[in-house]
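Q: End of the sequence shown sits at 452 in this note's numbering; the numbers just go up one at a time, nothing left out.
Calculated from the structure, these hints are not laboratory results. Be a bit skeptical, because a hint or two may be false.
Stated by the list, open to error - Distance condition first, Cα-Cα at most 30 Å in a straight line; then the derived DSS-like pairs of lysine-lysine:
#, residue 1, residue 2
1, 431, 292
2, 159, 289
3, 86, 214
4, 222, 289
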Amino acid sequence: MDSASKPNTPAVTKRKAAIGSAWVVVDFSSDQVLRLVRNLLLTRLISKEMLGLLGLASIVVDLIANLSEMGVNLSIMRQRRENEQKFLDTAWTLAVVRGTCVWLVASAMAYPASLFYNEPKLLYAVPLLALGAVLTGAWSTKIATTNRDLKIAWVTSVKLGAKLIGLAATIGWALLAPDNLGVIIVGPLLAATVVLIASFVLLPGPNNRFAWDKESLEDLVKFGRWIFVSTIMTYLIRKGDLLTVGKLQGTAEFAVYSIAYQIGNMPPKFYQALHSKILFPIFADIKDKPIKVMRRRMFKVRLYLLLAFLPAMWLLMFIGTWLIDLMYPDSYIEAGWMLELLAAGTTARLVCASAGGILLAKGNSFRFMIWKTGGGLIMLAGMIIGLYIGSRTSYPNGDLAGLIIGMGAGYWMNYPLLVWTVRGHDVWLPKLDFSFLGLSAVFIVLRYAVFP
C-alpha cells in the first residue's frame with residue numbers, strides 16, 4: 001500500500017490558521033525590516049560594485065539550487081504518512097545530498113559565471129556563498145512538519161534570531177573590511193548555521209538520521225518530478241530579469257536595479273511566505289471538500305489576499321521614485337522609475353499566484369508545471385521583445401525599461417494559461433480575477449497616461 005494512502009492530517013481550523021498567519025506576518029515583517037536595514041547600511045558602508053557582486057553571486061547560486069529543486073518540503077507538508085519518520089529521514093537524506101551537489105556544481109560554474117558577467121571576483125564569491133546550500137540542505141525536517149501543523153512560532157523565533165546574528169556579523173565586517181569578500185559571505189553562512197543547529201536542538205520531535213527507504217523515495221520523486229521543472233520556470237519568472245540585467249549592466253548598475261527589485265518584490269514574497277506556511281495547508285485541507293464549499297473557501301481566501309497585497313503595488317506605481325529618494329543615497333535614485341514599472345507588472349503576477357496554489361494541494365504537479373513552464377516562456381518572450389524595442393529608442397536606459405515592461409506584460413499574458421490549468425478543478429473565479437485585474441489596469445493608465 002502507498003505510504004501516503006492513509007493520511008491522518010488534522011483539520012486546519014480557523015484558529016490555527018489565524019495564529020499561523022500572525023506568525024507568518026511576524027516572520028516576514030522581521031525579515032523585510034532586517035533586509036531593509038541591511039541594505040540601507042550597506043549602501044552607505046560598501047561600494048555599489050561590492051553590493052552588485054553580492055547580487056550576482058546570489059542569482060548564480062539560486063539558479064543552480066532551483067535546477068535541483070524536488071519539492072521535498074512541500075511533499076512533507078502535503079499530508080502525514082503511516083511510516084512518517086522513515087519518510088522524513090529519507091527526505092532529509094535527499095535534501096543533504098542535493099545541498100552538497102548544489103555546492104559542487106556552483107563551484108564548477110563559478111569560472112564560467114565570472115566570464116559571462118565579466119566579474120573575476122565571482123570565481124571566489126560563488127563557491128563560498130554556495131556553502132549555504134550545504135547548510136540549509138541539512139536543516140531538520142522538523143521545520144517542515146512544524147509548519148505543516150501551523151505551529152510556526154518555534155520556526156519563526158529561531159530564524160529571527162539567526163537573521164539578527166547574521167546581520168550583526170555582516171555590518172561588523174563591513175565596518176572593519178568593506179572591500180573584503182567576507183562582507184557578502186559571513187552573514188548568510190552564519191545565519192544558516194544557527195538555524196541548522198537550532199532545528200536539531202531546539203525544535204521538538206525526533207532528530208533525522210540518514211535513511212534511504214525505497215517506498216518513501218518513490219513517493220518523493222513521484223510528487224517532485226514535475227516540481228523540478230516548474231521550479232526552474234518559477235525561478236525564471238521571478239529572477240529572469242536579474243539574470244539579464246546582470247549581463248547587460250555592470251555591477252554598480254546591477255546594484256541599483258537590485259534595490260528596486262527587492263522593494264518591488266516584497267508583496268510577492270510575503271504572499272509566497274503565506275502560501276507555503278498557511279495557504280498550502282489550508283488548500284490541502286479543503287481539496288476534497290464538495291465543489292461549492294471549496295469554491296467558497298477559495299474565494300474568501302483569495303479575496304483577503306488580494307485586498308491585502310494589491311493596494312501596495314498600486315501605491316508603489318505612484319511613489320516609487322519618492323520612496324527611493326527618501327531612503328537611499330543619491331547614487332541610487334535611478335531605482336525609483338524601475339520600481340514603479342516593476343510594480344505595474346507585478347499586479348497581474350499576484351492575481352495569478354493567488355489562484356495557482358490549489359493545483360499542488362490537489363497533487364496535480366503536472367498541471368502546475370505546465371502553468372509555470374508556459375508562464376516562464378511567455379515572460380521570456382516579453383522580455384526579449386521589450387529589450388529589442390527599448391534598445392532601439394532614444395530614451396536613456398531604454399533597453400532596461402523595455403525589458404521591465406516586457407516582463408510585466410508577460411505576467412499579464414500568463415493569465416489565460418492559468419485559467420486553462422485551474423478550470424479542470426472547477427476553481428476558476430472570473431468575477432474576482434477580472435475585478436482586480438480591471439482595477440490594476442485603471443491604476444496603470446492613471447499612472448502612465450494621466451499622471452506621467
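Q: Quick one, are residue 86 and residue 214 close enough, alpha carbons at most 30 Å?
A: Holds - the C-alpha atoms of residue 214 and residue 86 are around 10 Å apart, at most 30 Å.
Q: Are the Cα positions of residue 431 and residue 292 separated by 30 Å at most?
A: Distance of about 16 Å is within 30 Å: holds.
Q: CA of residue 159 to CA of residue 289, is that 30 Å or under?
A: Outside the cut-off at roughly 34 Å; violated.
Q: Compare the distance between the alpha carbons of residue 222 and residue 289 with 30 Å, and conclude whether the hinted pair is satisfied.
A: 24 Å, holds
Checked against the numbered hints above, the structure violates only hint 2.
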